[in-house]
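> Sequence:
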Amino acid sequence: MPRIRKQAVIVIHGIGEQRPMDTLRSFVASVLPTSQVYSKPDPFSGSYELRRLTTRHGPRHHTHFFELYWADLVQGTTILHLAQWAKSLLWRWPWATPRHLRPMWVVTWALLALLAALGAGIGLGIIQASLGGPAILALVLLASAFYGFLIRYAGDAARYLSPSPRNVAIRRAIRDAGVSLLRRLHESGKYDRIILVGHSLGSVIAYDLITHYWVEAYRRFQNPARQPQARLEAYEQLLTGPNTGAVGEDIHRRHQRAVWTELRRHGHSWRITDLVTLGSPLAHAAILIARNERDLVQRFRDRELPTDPPQLDRDGTLAFVLEPPIRNDRRQLVSPRAPHHAAPFACTRWTNLYFPAYGGLFGDIVGGPVGPVFGEGVLDVPVSDGTLRSYTLWSHTRYWKLTRGGVGTRPSASAELRRVLDLLFTLDRE
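For the sequence shown, my numbering assigns the number 430 to the last residue and increments by one with no breaks.
Simulated from the structure, these hints should not be mistaken for laboratory data.
Quick list of in silico lysine-lysine cross-link-like pairs, BS3-like style, CA-CA up to 25 Å:
id, residue 1, residue 2
1, 190, 6
2, 40, 6
3, 190, 40
4, 401, 40
Distance ranges between label pairs, derived from CB positions:
id, residue 1, residue 2, range
5, 21, 381, 23 to 31 Å
6, 401, 78, 32 to 40 Å
7, 219, 34, 38 to 46 Å
8, 302, 96, 18 to 26 Å
All figures in this text were calculated on a predicted structure; none of them were measured in a lab.
Even for Gly, the Cβ is constructed at its ideal location relative to N, Cα and C.
Make the full structure from the sequences, and use the hints.
Given below as structure tokens:
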């Protein structure tokens, strides 16, 4: 009897006081609006609050959707956490800020100056004398609501993106939960393919999980390799060829899938084929996960942070030889090769969807194109939802809302997300 082929989709929510399963249910309703979905126990997350949503595309082709829920791990945020993070972002000269973020830098400083002036006015009694008690009460209520918004939303980003001593335990707890879920899914042996989808801050978490779990997976890659590894070598030649800069996205992504298939046939446990990021702040990585652009580039070169395509060795290779040598089927001593510890994107495709931010202010200012930062292998797709929301900050929440269509050459966000996930056909083509 033919084996039932299964794929797993892990959805990682963004900032805010999210409720378990709310993000996952709305996501599945958008990417599979006409399919019957079954809610079943989740044996992998270890949480009684979470369920696995399952759909069937045929008698032997199933997709299981999981949610990596992490909002409960970020507690105790105070104004000091926010102030420390804000200082790291804003306490710099404008020319030390990435060009696309300078308009937001100016606007933020202007708002801070306005708030400082209002605070000084209240302290001196100027506003009280001119506007009276009701105005003071309104300002206090407005300030209280703004403070609550910062703690509930910006606070999550401040705690995860700032590696200060106060935040290290939270960062580790979130990553441990994600790596544990990936490990259990891989070790179950049930899934032929795994996709990570991260929205907003969840996209940064997804990137970190791929970074850390890849190291764990390649260390266990000790099975005999069939020599030669033609697809891995073809990918290396593609990256070092004379026309590297002109390599098309489709060609690059086909090579990534070919390397993934070859590693899988040689015994590598890695099952993650795709990373999909939505409204990703990784577009601003130079100040969010590094001190500045120079620091970010150095961390890429040091292989601390993976790029797409991966960083190559001086000899033009991206694979190292696993030791000790082993005997293949012909009893010959061979040394299997695997992409190095910072090369998960040698076999994992990265697609980034974003609503453009016009002038750095109108649109999804949280996200943006990731390819200019992490490498030309990232497929950046500007999207629309067919409404004026595309030009406002509210677009940040519209990546999987069912919409009537895109605008001009920009596809609908929800339609493009369904295309990128490729849930109905990919497994049948492997």
